[in-house]
Amino acid sequence: MSGAGVRIGAVVRKEFIHVGRDPRLLAVVLIMPIIQLLLFAYAISFDVRHLPTVVVDLDHTPDSAAYLRAYEASGLFDVVGHGADPTAVDTAFDRNEAQVAVIVPAGFAASLARGEQAQVGVLVDGSEPNSARVAQTYSMALNQLYGRALAVEWASTQGVDLGQIGLVEPRLRTWYNPDRASSIFLVPGLMVVIIMIVTAQQTAVTLVREREQGTAEQLMVSPLRRIELMVGKLTPWVIMAFLDIVVIAVLGVVLFGVPMRGDPVALAVGATLFVASCLGIGLIVSAVAPSLDTANMAAFLVAFLPAFLLSGFAFALDQIPPVLEWISRLFPARYMVTISRSVLLKGAGFPEVWPQVAALAAYALISLLIAVRLHGRRA
Amino acid sequence: MTREGEVHGIPADPSAAISVRGLTKTFGNFTAVDGIDLDVPRGQVFGFLGPNGSGKTTTIRILTGTSAPRRGQALVLGEDVVAHPERVRPRIGYMSQKFALFEDLTVDENLRFYAGVYALDPAVFAARRRYILEMADLQGRERELTRNLSVGWRQRLALGTATIHEPALFFLDAPTSGVDPVARRQFWDLLYELAGRGVTLFVTTHYMEEASHCHRLAFIYRGRIVAEGSPSEIRANLSTQRVYDVTVRDADLALSWLETADGIAEAYLSGAALHAVIDRGVDRGAGALRDRLVAAGFADAVVVSVEPTIEDVFVNLVSRERGA
Ligand SMILES: Nc1ncnc2c1ncn2[C@@H]1O[C@H](COP(=O)(O)OP(=O)(O)OP(=O)(O)O)[C@@H](O)[C@H]1O
Ligand SMILES: [Mg+2]
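For the protein sequence lines, the chains are A and B, in the order given.
Each residue of the first sequence is one higher than the one before, starting from 1 at the first, in the UniProt record's numbering.
Each residue of the second sequence is one higher than the one before, starting from 1 at the first, in the UniProt record's numbering.
This is chain B alone, in the form it adopts within the complex (with noise of 0.2 Å):
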């Protein structure tokens, strides 16, 4: 894990697809991105992460050159992106989660838009075209206005229109934000493709799940880099502690009980069930935690010892930063 400042020193790395030091932007008094730094390997999945508020969509557009930090240097692809944007774009692409098709033109219209965006020849044009069909499965659906699309194959032509010029780094903020998780894992599978072909993915999600897909994490909170590394070196930072899945029927009442009994650092909802986080100085097994809850009231309680996710390294990330 590299807390905020440990690179401090060591230059911005041009060889690396992303590269920032010091970088702060500031709205008014607030400061949304507060002097980070971040190394993006090329050829890597990166995820950002962070709660709402935090700082990803920000630090994107001062990545992508659509808005200038107040302080701090960011290389992408070697260049400097506040001072030349232009130079960047070319070999950049941005997916947001709004997809950002025209909905009133049709798959090809879209197609054929963003390739004069980019100036592409026609015969290059006429190949990523080819490509993108197969890869979002929109053959023979050419001329279908873009409105009428599902939102799984909007999703995968948004992915295909913002990357017909075959960028060597793609931006995704928050891309599956809305969408199932059927289509959320197919959206991933092209991701891998992409990535498989040597693109450098830089993904923001609130999913904590997706974070397992990515090669290196970074999490952001409150505009500052709270934890930064391999999802297993970010797992490691529970390494004090352990995580009990509990299951109740009053999940509610359950949660407040936890959350003020001695001994449990941390509880927390983790999707129908509940996380109880409890120092291992302390703990005393799966079992003792059944026993007080059942004499608390909730008799049903199951009580299960499981193994760390990313969320709950998050969770825990972000309760100290506020106690801190």
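For reference, chain A alone in the conformation it holds in the complex (with noise of 0.2 Å):
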């Protein structure tokens, strides 16, 4: 082995039994993953307004046309394009251009006339959880008014009993999930949000302990090359993200059932691009982080919260302010929950992430040059 890989080799070694050492550390690692997989499972309902809509109206009738409009009026969904056919959703959900589709087939007129149960399609794309679950609920309760009133109008027409007509009754369906198990959404964005604390986090923390405890001025003066410092302490940090990414897939495939449609290529090339991006933010709190509880909450601040918040992963990105949404870009943390989502419940490749996996190139590209420049300029 050369020199420079007997040294790399020593402070891999040495990093590893660090974390063997240290509980919290390991719990970090190993086990919060798989505590916050079950404690997400069951997510909270947040509020959700303005869900993007796609309508498809195959009835054509002015019947038809009052039903959709009722969506629109009713504040909670955005018509954003009106579909041909079906496959128009498929479109739409791929673009990530809506979430919900209503769709009404031809006879929807009729069946309400011969007072029979009129039957309409509400899709729901089950990759955003919150926006998945209200979309449901609110569609529902969109579909009880709006069938109560059908119902008057055409009792009052006909004097019949209320008691006994067919109303509208939606048949929902989650496109994307179909039996809309939460933790199926949950797997992909906490998959982000673990390989942001154990890279960025660590990264950061990892480096500035070394400086306080002096060991790095030591280091300094020995044969060890920063680069090759920072590259065995990083190493170690880098081979347990990629573990923890096989354990939550792991999990998320055999306790609950993720699909994993997509192009595994594409997420792990996603994945390494992510994980640089997140070396590189670490990297720079470190260099900037006088001391190690600044470090610790600067890494709190630029890698898990965004991670958590500003991702996607708790909150959908179309819900929240427009400030904090534009904020969201300027994390990587985005990028990569829809690269998963898109990848694990979608069955996407390339041809439909490589915006997010450009962004995260070039992410990792200036976050890592400004590390190296800042850790320069150290000396």
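Quick caveat, the hints were computed from the structure, so don't treat them as lab data.
One or more hints might be untrue.
As the list claims (entries may be wrong) - Using C-beta positions, here's what the derived DEER-type ranges look like:
1. A:G5 x B:A83: 40 to 46 Å
2. A:L243 x B:Y131: 35 to 41 Å
3. A:L301 x B:G229: 54 to 60 Å
4. B:V304 x A:D22: 42 to 48 Å
5. B:E134 x A:P290: 20 to 26 Å
6. A:G257 x B:A127: 41 to 47 Å
7. B:E209 x A:I34: 57 to 63 Å
8. A:G376 x B:R71: 17 to 23 Å
9. A:G9 x B:R70: 49 to 55 Å
10. B:A83 x A:F350: 45 to 51 Å
11. B:E209 x A:L301: 46 to 52 Å
Predicted model, so just to flag it, every value in this text is computed and none were measured.
Note that CB positions come from ideal geometry on N, CA and C, so glycine has one too.
Two independent chains are provided; combine them into the complex using the hints.
Structure below.
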């Protein structure tokens, strides 16, 4: 082995010993992913409004048009498109243009006229957990209201007992997540949060700790180069991050039945670029933080919070205030959440997620360049 | 004694362990090291002394290649350390007062880590490990966590790890601060042992009594070298003055009296006692000083003439610099 290899190996081994000796750290790395997975398996519902909705009217009658207008009028749904046939739904969901689709099948008006149950299809993009659940509740409520209105109108003209008539019955289907098992949505997002904590947070802290102990000063006088120290210290965290990805994925597939429909290569490339971005962030924090406490706090602010709140993991990004939505673009987590959800749940590959992959590539490059500059300057 | 500038013109000496010319380091407007010249012969214990903030650590950082000077030349083991720190690093060692051990690693794991950092051969490492464990008296405690060792042991282990690669030149920055006098003495014994094997030691310290352990001394004050030479040469600085040791119950009050009294060049605390320095021209002996103290109300004063210590010299040098 070359000198550099021996030196980096010594750092990697030492780093693993640190982790092994620190039960709290061990818990963060190994147990937290599992706890979080279970904790968020039953996510709390958040207030959702203005769900982007695409409507498909196959009945082309005044009744069907009136029914669809009720969605728009409710303020809960924003009709962003009118599709000619059901394939439009797929397209809109794939492009993340809509989260809800309402399809009025042919014969809707005729069924109502006959006093039978009229059927409509409400499709919900299951890869957005909160929106999916809330959209379902809203459309049910809406249909009940509308159904009653229809019934009243019909009854008043025909003079028939209200209890006997057919109502509009929404047939809800969650397009990408047919059983709407909530954990499925959480698995891809959780992966992102965990990677962010394990890499960005630990990277920030581990280098500052070395500085605070005075060991960094000692090592600077040794043949160990700065870059070797960094590589050696970061390697274990990268390994552990990927280990966590595997653990979460396996748990997701085995316990919660995550389908893993898409291109694993796209996911792996995305994850690698994302890890690189996180290392960049962590390194920048470690370069500017004067103390361990500051590093911890800063890492929490730039790694954990955005990954948790501004990534689409806990709150759908189109449901948060525009300012926060804009801020979320400054952190890599949201791009990775989109990639992992698209690949794991929607069967996406590079053609669908290339914008996010490109964003992460740019992010990784820029953050690592800044980090290297900052660390070089400290000498 | 060599005042700054006197060796200017004499080029840096590549055969010396350290040879420095006109070394300057600034932080913004502040000059931490101000054009110093130094020559440290090989195989010597070189003491680098000075009060807090005088520029000792800054100088060591430059000499170990971790900080770039504003100006000046620094040859370390014959190499230009500013241009090529990587050529110097495998042959130097460094130990700061922080010991720089990983406290959550065992004795053995610390040794192994530094062996890896210096890419030591397994056979060499085995021999060094045996030697260090014996030197630090840590045999049988290899698997103990460093955190659980007491300060003295930790310090010896730090010495062992910092010299695991058998450096030719070893920098020690205040290695004994915060260590009790007994452990300090033991530590110096180990340093002598190193020196005995031909290692050059460059030691900074606050403890003036440690100065007499060194072959040569340099005294830095406000970034300038104000005195340099062997301990006896340094002491000769005070040949025109006499030093009296004054023991008195109310030392604080006596000190303020001495500081303002006529004919007293210098007065300061030295351990539990006071030292008063009097120019030989106006000196009238210990008895005369005692009489004056008694007359001033310090009836219990005991005055003894003493040999000037290194500390006495430095206190005087500093006050001369301040006056200048
Ligand atoms: N990175 C820095 N930025 C600004 N000023 C600095 C820096 N490093 C040191 N100094 C200043 O330079 C001066 C010399 O500091 P240095 O650490 O070399 O002193 P020292 O002799 O080692 O002191 P001590 O005995 O307390 O360790 C001090 O006034 C210090 O405040
Ligand atoms: Mg210092």
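The hints, checked one at a time:
1. A:G5 x B:A83: 40 to 46 Å: Between G5 of chain A and A83 of chain B, where Cβ atoms are some 26 Å apart, the hint is violated.
2. A:L243 x B:Y131: 35 to 41 Å: holds, 39 Å
3. A:L301 x B:G229: 54 to 60 Å: holds, 55 Å
4. B:V304 x A:D22: 42 to 48 Å: violated, 57 Å
5. B:E134 x A:P290: 20 to 26 Å: Check failed, 41 Å falls outside 20 to 26 Å.
6. A:G257 x B:A127: 41 to 47 Å: Once the Cβ atoms are compared, 59 Å apart, the range 41 to 47 Å for A127 of chain B and G257 of chain A is violated.
7. B:E209 x A:I34: 57 to 63 Å: holds, 59 Å
8. A:G376 x B:R71: 17 to 23 Å: holds, 22 Å
9. A:G9 x B:R70: 49 to 55 Å: violated, 38 Å
10. B:A83 x A:F350: 45 to 51 Å: holds, 48 Å
11. B:E209 x A:L301: 46 to 52 Å: holds, 50 Å
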